[in-house]
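Asker: Residue numbers (our numbering), protein chains in the order written: chain A, 1 to 538; chain B, 1 to 538.
FYI, nobody ran anything at the bench for these hints, they're computed from the structure. In this text, all values refer to a predicted model and were calculated from it rather than measured experimentally. Check each hint, because a few of them may be wrong.
Since the list can't tell identical chains apart, any single copy or any two copies may satisfy a pair.
Unchecked claim - For lysine to aspartate or glutamate, the following DMTMM-like pairs were computed, each having C-alpha atoms within a straight-line distance of at most 20 Å: (1) K141 with E123; (2) K371 with D383; (3) K6 with E290; (4) K349 with D284; (5) K210 with D381.
Number of protein chains: 2
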Amino acid sequence: MEGQVKIKRVLISVSEKSGILRLAGALKSYGCEIVSTGGTRKVLLEGGIDVTDIASVTGSPEAFGGRMKTLSFNVCSALLFDRGRDAAEARDLKIEPIDMVVCNLYPFKKFMDAGSDIDILVENIDIGGPTMIRAAAKNYKYVAAVTDVSDYEDIINELRGTGGYLSLDTRVGLMRKAYNHTADYDALVACAMDERFGERSVRLGFSRGKMLRYGENPHQRAWFFAENGAENPLYDMRVLHGKELSYNNTVDINGAAEVVRGMKKSGCAIVKHTNPCGLCEGDDQRRAFELAWAGDPVSAFGSVIAFNKKVDLKTVEFLALDSADRTARKFVEVIAAPSFSEDTLEYLKKHRDIRIIEYDMSVGSGKYDLKYIRGSLLIQDHDDELRSKFEMVTVARPVREDMELFEFGMYAARCVKSNAIAIVRRTDDGFLSLCGMGAGQPNRLNSTGLAIARSLETISNECSGDTGVDIYVKNQMAKAILASDAFFPFPDNIDECAKAGIKTIIQPGGSIRDRQVIEACDRNGIAMIFTGTRHFKH
Amino acid sequence: MEGQVKIKRVLISVSEKSGILRLAGALKSYGCEIVSTGGTRKVLLEGGIDVTDIASVTGSPEAFGGRMKTLSFNVCSALLFDRGRDAAEARDLKIEPIDMVVCNLYPFKKFMDAGSDIDILVENIDIGGPTMIRAAAKNYKYVAAVTDVSDYEDIINELRGTGGYLSLDTRVGLMRKAYNHTADYDALVACAMDERFGERSVRLGFSRGKMLRYGENPHQRAWFFAENGAENPLYDMRVLHGKELSYNNTVDINGAAEVVRGMKKSGCAIVKHTNPCGLCEGDDQRRAFELAWAGDPVSAFGSVIAFNKKVDLKTVEFLALDSADRTARKFVEVIAAPSFSEDTLEYLKKHRDIRIIEYDMSVGSGKYDLKYIRGSLLIQDHDDELRSKFEMVTVARPVREDMELFEFGMYAARCVKSNAIAIVRRTDDGFLSLCGMGAGQPNRLNSTGLAIARSLETISNECSGDTGVDIYVKNQMAKAILASDAFFPFPDNIDECAKAGIKTIIQPGGSIRDRQVIEACDRNGIAMIFTGTRHFKH
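Extracted from the complex, chain A is given alone in its bound form (with noise of 0.2 Å):
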């Protein structure tokens, strides 16, 4: 059998033991000799299995507090030569072969996280550990390095199949993982040591690597990775239908999860180039859906969309797929969500092209939010905290004292670039909803402007005639909540405002010239209020 290798003997030296005594005993049925060192030994022999002593094979003692147990010219030989060009050698060097390394490491990471002192945490400082890891993965041609629990069940299952071998993919495999193992155990124990001594690194590693079709343009290929020891959500993210995920589906997919992830309701978020155009929470999805679509009826068609509960058939049918009329169907790129009902997925199949996307969106966003710039990493906390105070802060108060609308208004502000003002609205029948919203302008005046704008039409659009619509819209603007992400450095925003009809606003606060802002607001009779906390994003 090419490339097959008998496993003959193995070192066995555990520090997580679970599953070792099972291992041991499908290695022992094929005749194996086990060579083991202390702890590992003991308990081996306590399950009845007959274990060589380590010190017999390296011609030494166990030293030095158990500092110096496998280190050694012979197990290093017996793990290392090449058993083809290195045979005669190892003959005359009397060098027996070791075909398995079944070593997991000191548990560093337990010690780290515990916040063990520095001389605890370099005794778990693993020495012998990798040394016949990295050893026995060099000589992966010959020899198997086994370092994680996780594996036993296959390679006895292996072992049965063949009598007692190993393939030479399987050791490959085998080989890989170890070198990510030892990677990954001097990646944490450099930044712990680091750390302890007064310097911060950070250590990150990726892999599953695909490559996509392209990434934010044709012209650049890109590729997508799982982070190795953290959740993935968005990696893991499953295409049920549709074409490839390009990169910025990828992006937007991620954006419009995290909007309606928070929500408790049925949560719709719709993005365009990374912003909410549309937004909606509410008892039913399909009217949370309608009142999104209707945020920006223009800038829907070919976005990207999420909820976060199972999607049923009534919801997507607002998309009209099967519309004889042409015009009347909604093409959007993908829509996402923790699950969609059978149906629901027999109907969206229809659009060859649209992209259904089953996301987990139960699992947190991480403990950080890095950003990658130029040869450098910036680190941060998420930006997690909605407010820190309601604070009226002027003679008007609002219409109605709807805390649920106040933070939806913060919550939608917060979701969209700076500088960013979201337009919000509780609407008749409850549902709490983005009317407009204003993105990524240098100056909060344009991003004003284009809220208030948009709003204003997507109110119009509800009015069927003509007639009433005026009173209509400024009923609805009286309604609406105004947020912004940051404070309004001058009073310029509030006359507009004043203009469109706006009655209550919800900002931050804390600039300069917040005197003059709440003294324009006084003058025209609206109600403001400070929550202390600013969001940008950008």
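Take the given structure of chain A and dock chain B to it, following the hints.
Answerer: Relative to the frame of chain A, chain B by itself:
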């Protein structure tokens, strides 16, 4: 001397041999015994340095084609035993301490970069070296682990100053470097093995972490790191004056510098919330600054500004920082440039808060663009192809075949967040200048509207009186170029352009409605150029 260790016995085994004779010579002069292996021993002997053969320490021969040289009970013990706790045991076992390891590893990277075959790669995975280094580092209380040629000189100086001793501080520093070195090494090996066997993986390391005042917002903690083994122009920028840089400053400085660093003539970029709201290139720095500022004088307040040449006094006097009229003073957050003349610095320092940044713009932007999102990593090529063609697609031809201006237009659109529209112009005195831009909109019509409105204002502002404004604006708009980062999905944008008097449009093309878009141009006497290259940027 507390924490000092006399270096009596040193193990030297280096792949990179530069500087080693000098270090060994210095060690010898303090009576140190030098133990060495194969190639290193030869170099030292040839250099006239007396060397103990490693075999007399290990008690074993060099074996298996060099795979076994240092790995042995004796050498590992000599590095690892605790000089306090284990002293008696070491005496019993006849282990003589080794106080320093000088070791750098097989040049795995060299062979990897050269695309060597797998057997050569594997032969160049160092096993003994990392073991010696890691063991010495673990025992840093007594042993020095020297892994970097660039540390030799400091070590020689310290030995000279102390008569052959190294301090605890030095050994701690070496220990941290050692674990970072082995972490880097195994990161390289792990990724190379993954790649050779069909999986892409990435490992990144960052150090020199410093805490920033806060992140994008005050309630978010933030840190700033330099990437290991990369050029770090952003991290290494020097704050010559002013308040500490914020997270947002840092991001914008990079953005602004990236915009101007590619320009040949004097360039100025004014960035606000990551978008350039002002941009100009030409023969005179002061004039370029003025024109960039005129692109959006409201947004320019509190902005981040970058120049690509040494900044001179005349340029910054435009800020009027010492004007008697306080309202005439132009406050900006940051000015970044490769350098500043002395009198410029003096002038700028009059303003306490202005940050003056020396930024090395000669450094490239690194291999890839990385985006980290929620446990996954997107990697793509930088967007560094401006256009694949210039194709005239309309009946009308541009007023002038100004290729430089066409490229400048597309360059400006590429710098702006999508959907991006940039209106640019060659001024009558020959400068390439951004008149106005539309950024970050969910639909292109919004961006077009923003860019046009801004440009009309920029141009109107140039007229001192009322006479002839309309004609002037009309003439200037006719000379301007409107550039779009991606195709126009509908002809509606063209109608807007026509209304505003735009005569030339440059865009990638590629919409299914290109024909209608071109027809709209022809109807309006507008010239249109297709570039074939999209520039989404989010």
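Asker: Compare the structure with each hint and give your call.
Answerer: Hints versus structure:
1. K141 with E123: Only across copies: K141 and E123 sit 12 Å apart there, 33 Å inside one copy, limit 20 Å.
2. K371 with D383: For K371 and D383, the Cα distance is within 20 Å both inside one copy (14 Å) and across copies (18 Å).
3. K6 with E290: Neither: 64 Å inside a copy, 78 Å across copies.
4. K349 with D284: neither (23 Å within a copy, 59 Å between copies)
5. K210 with D381: between (28 Å within a copy, 15 Å between copies)
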